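Undergrad: Based on the provided sequences and hints, a complete structural model is requested.
Chain by chain, the residues:
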Amino acid sequence: MSLSKYLVQRLIYALLVLIVISFLIFMIVQLPRGDAVDRIVNARQAQGDIITEEDEAALRAQYGLDKPIYAQYFIWATQFARGNMGQSMLGIPVSNLINERIVATMLLSIISLIATYALAVPIGIYSATNQYSLGDYFWTFVGFIGLATPNFLLALIMLFVFHKAFGLSIGGLFSPGVEEQPWSLAKALDLLNHLWIPIIVIVTAQTAGTIRTMRATLLDELGQQYVITARAKGLRYRQLLFKYPVRLALNPVVNSVGYILPRLISGQTIVAIVLNLPTLGPLLFSALLAEDVELATSILMIQSILAVIGVILGDIILSLYDPRIRMEKGVT
Amino acid sequence: MMSDVLLEVKDLHTHFKLEEGTLKAVNGVSFTIRKNRTLGIVGESGCGKSVTAQSIMRITPKKNSKISGQILLHRESGAADIVQLDEDGDEMRDLRGRDIAMIFQEPMTAFSPVHTIGNQIMEALFVHGEKDKRKARDHVISLLEEVGIPAPERRIDEYSFQLSGGMRQRSMIAMAIVLNPRLLIADEPTTALDVTIQAQILRLMKRLQRDNGMAIMFITHDLGVIANMADDVAVMYLGKIVEYGSSRQIFKDPKHPYTKGLIRSIPKFGATEGKHLATIKGTVPVPLDPPDACPFANRCSEFIAGKCDIRMPASVVVAPGHSVSCVLYE
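Respectively, the protein sequence lines represent chains A and B. Residues in the first sequence are numbered from 4 upward in steps of one, following the working numbering. Residues in the second sequence are numbered from 2 upward in steps of one, following the working numbering.
If you are wondering where the hints come from, they were derived from the structure by calculation, not from laboratory data. The model shown is predicted, which means the values in this text are computed figures rather than measured ones. By construction, the Cβ of each residue, glycine as well, lies at the ideal position given by its N, Cα and C atoms. Hints may contain errors.
To be verified - Computed far set for chain A versus chain B, every beta-carbon distance over 12 Å:
#1 Gln90
#2 Val145
#3 Thr152
#4 Met161
#5 Glu183
#6 Ala189
#7 Ser259
#8 Pro326
What the hints assert, rightly or not - Pairs of lysine to aspartate or glutamate, EDC-like flavour, derived with a Cα cap of 20 Å:
#9 B/Lys64 - A/Asp139
#10 B/Lys207 - B/Asp100
#11 B/Lys64 - B/Glu88
#12 B/Lys134 - B/Glu159
#13 B/Lys64 - A/Asp223
#14 B/Lys63 - B/Asp95
#15 A/Lys246 - B/Asp100
#16 A/Lys246 - B/Asp89
#17 A/Lys246 - B/Glu159
TA: Right under this line is the structure:
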């Protein structure tokens with residue numbers, strides 16, 4: 004089977020999966036009793052407004068909530084497929100809300116991801132090749148602390164310490180008032196100044212697990228016969244280390260690239276809420292609380308699409324990286 | 002004839018420091034390997050035969066192994082004592098592959114699954130100074146053909162998991178002999194193969210020895226294979242060589258009770274029909290801090306209390322080229 008044929012096949016499956024997912028998402032978001040109009044009505048009544056039955060019906064018609072559920076789904080799905088994500092309950096188009104936050108989300112996720120691997124892979128290699136050394140114990144200790152500390156707690160501690168000790172306000176991604184300014188060097192520096200705290204928090208949590216995985220898989224590979232074979236050929240330890248065992252030990256890391264895409268959106272929601280980061284995680288969270296159907300379904304759909312693309316991407320990368328998988332799938 | 006001597010192992014000890022004590026895997030082993038000859042090393046699992054081979058290659062696990070004694074490799078430039086070399090040093094690395102090469106028991110795991118076999122065989126050439134990729138590739142293709150791999154120009158770009166067990170072991174042999182080593186150590190090279198493939202591989206090794214004049218150190222637990230392959234045989238038990246002699250001496254006139262037991266336990270066509278196969282009672286003990294006595298004493302059918310269990314018997318020459326370590330012959 005050729006790669007393009009394989010890809011087409013995968014994409015067709017992906018489309019089917021997405022249709023099923025979209026249906027499920029739509030249904031689950033609809034599940035809670037009452038709908039958004041009930042909430043609006045309640046809120047207005049609490050303020051003393053008098054809302055008639057006709058007003059309520061008009062509101063329902065405005066949001067399309069008077070139609071049967073399958074019709075609502077159909078309308079939403081066809082609109083979404085055309086790129087029209089509808090109107091948020093906040094009165095702002097969903098696409099605007101997402102656009103506002105997608106850059107910061109991606110920036111934060113990708114930088115912390117690169118930092119995670121840049122740290123975890125070399126440390127994992129060091130730990131495995133110097134098993135039970137002082138350095139190995141040190142990194143294991145640090146790793147477990149990172150793994151055991153809840154992210155949001157670390158975020159709170161950092162907020163507190165930096166505020167007390169240095170008088171820094173490190174919440175958000177910009178200093179107050181800077182965000183509205185046009186892009187300039189000063190704004191970029193301000194962003195960098197705020198970016199490193201969430202990155203440290205996120206990286207601390209992610210690195211520990213990746214170090215453990217890297218260490219364990221590499222230790223496994225180091226005991227393999229092919230390592231001895233390579234030594235018996237006269238290779239330098241360093242040469243063979245990177246050519247054989249490290250390359251094989253990176254397999255799970257390479258494979259995980261695919262699962263990162265969906266995580267880009269909602270991976271660090273609690274940290275983002277604590278640090279007041281303008282990313283998609285908190286937006287999704289508040290949309291779900293407010294039963295903002297259009298917004299919540301849109302974000303969940305985008306996340307699902309990213310997940311499906313991520314899995315396909317991960318498979319393709321892995322099959323380029325590992326001939327065993329390439330042959331198994333019959334792709335040449 | 003001294004000029005024939007390729008490798009002399011003298012009083013080799015390879016010990017592993019474990020939490021439970023010192024594991025004396027090889028405990029005072031001496032033998033000589035000559036050009037164009039095959040030395041068979043035979044013994045049960047755990048007798049130290051593989052560790053002996055790894056010690057010669059200096060590829061024992063780094064952290065906890067300790068090698069002492071002498072391993073003299075005779076070269077035109079003089080003898081080098083492998084024990085004294087730095088295991089990661091340039092001289093030792095240059096020795097590996099070029100002077101001494103090794104083939105392993107499990108050809109499936111001995112190749113990296115994500116590199117083509119051509120890549121891995123050519124690597125041995127590149128490590129030892131070959132620069133020309135085209136030349137290396139042609140060399141490897143002709144070598145693959147020599148070891149009996151059909152369509153070598155296609156196979157060279159395949160991965161180990163695409164080859165059959167026999168093909169893999171042939172590729173492995175090609176990888177070992179790519180630099181024309183003077184000594185080929187074969188550590189149970191046919192154990193993982195079925196019998197017909199085993200016969201093919203053994204024939205191949207004999208042919209290569211005839212063509213290249215290399216010495217072979219053949220490690221196996223299979224006496225039938227040893228009888229077929231070896232000129233000289235060393236019988237190992239628990240880190241020691243208990244009997245040493247020519248293949249004929251060992252099989253026709255075994256002296257040590259252990260050797261006798263091993264030979265008795267070979268099934269013979271017709272002769273053992275309807276009878277239980279002779280076995281050696283007990284199992285090989287683990288050589289953790291072993292006492293200074295005959296290692297076979299506790300399983301020996303001719304055990305003499307007060308003699309066998311107080312000291313290690315000396316090696317006695319019972320016939321020219323035939324020696325045995327047993328109190329019965331002292």
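Undergrad: Indicate, hint by hint, whether the structure satisfies it.
TA: Cross-check of the supplied hints:
1. Gln90: holds, 51 Å
2. Val145: The assertion about A/Val145 holds, with a minimum of 23 Å to chain B.
3. Thr152: holds, 33 Å
4. Met161: Per Cβ check, A/Met161 is outside 12 Å of chain B; nearest 40 Å; holds.
5. Glu183: holds, 52 Å
6. Ala189: holds, 49 Å
7. Ser259: Given that every Cβ of chain B is farther than 12 Å from that of A/Ser259, nearest at about 18 Å, it holds.
8. Pro326: violated, 5 Å
9. B/Lys64 - A/Asp139: holds, 15 Å
10. B/Lys207 - B/Asp100: The given pair, whose Cα atoms are some 19 Å apart, holds under the 20 Å limit.
11. B/Lys64 - B/Glu88: holds, 12 Å
12. B/Lys134 - B/Glu159: Distance ~17 Å between B/Lys134 and B/Glu159 Cα, so the pair holds.
13. B/Lys64 - A/Asp223: holds, 16 Å
14. B/Lys63 - B/Asp95: holds, 18 Å
15. A/Lys246 - B/Asp100: This hinted pair is violated, its Cα atoms lying about 24 Å apart.
16. A/Lys246 - B/Asp89: Within the cut-off at roughly 17 Å; holds.
17. A/Lys246 - B/Glu159: holds, 18 Å
Figure legend: structure checked against the earlier numbered hints; hints not met, in rising order: 8 and 15.
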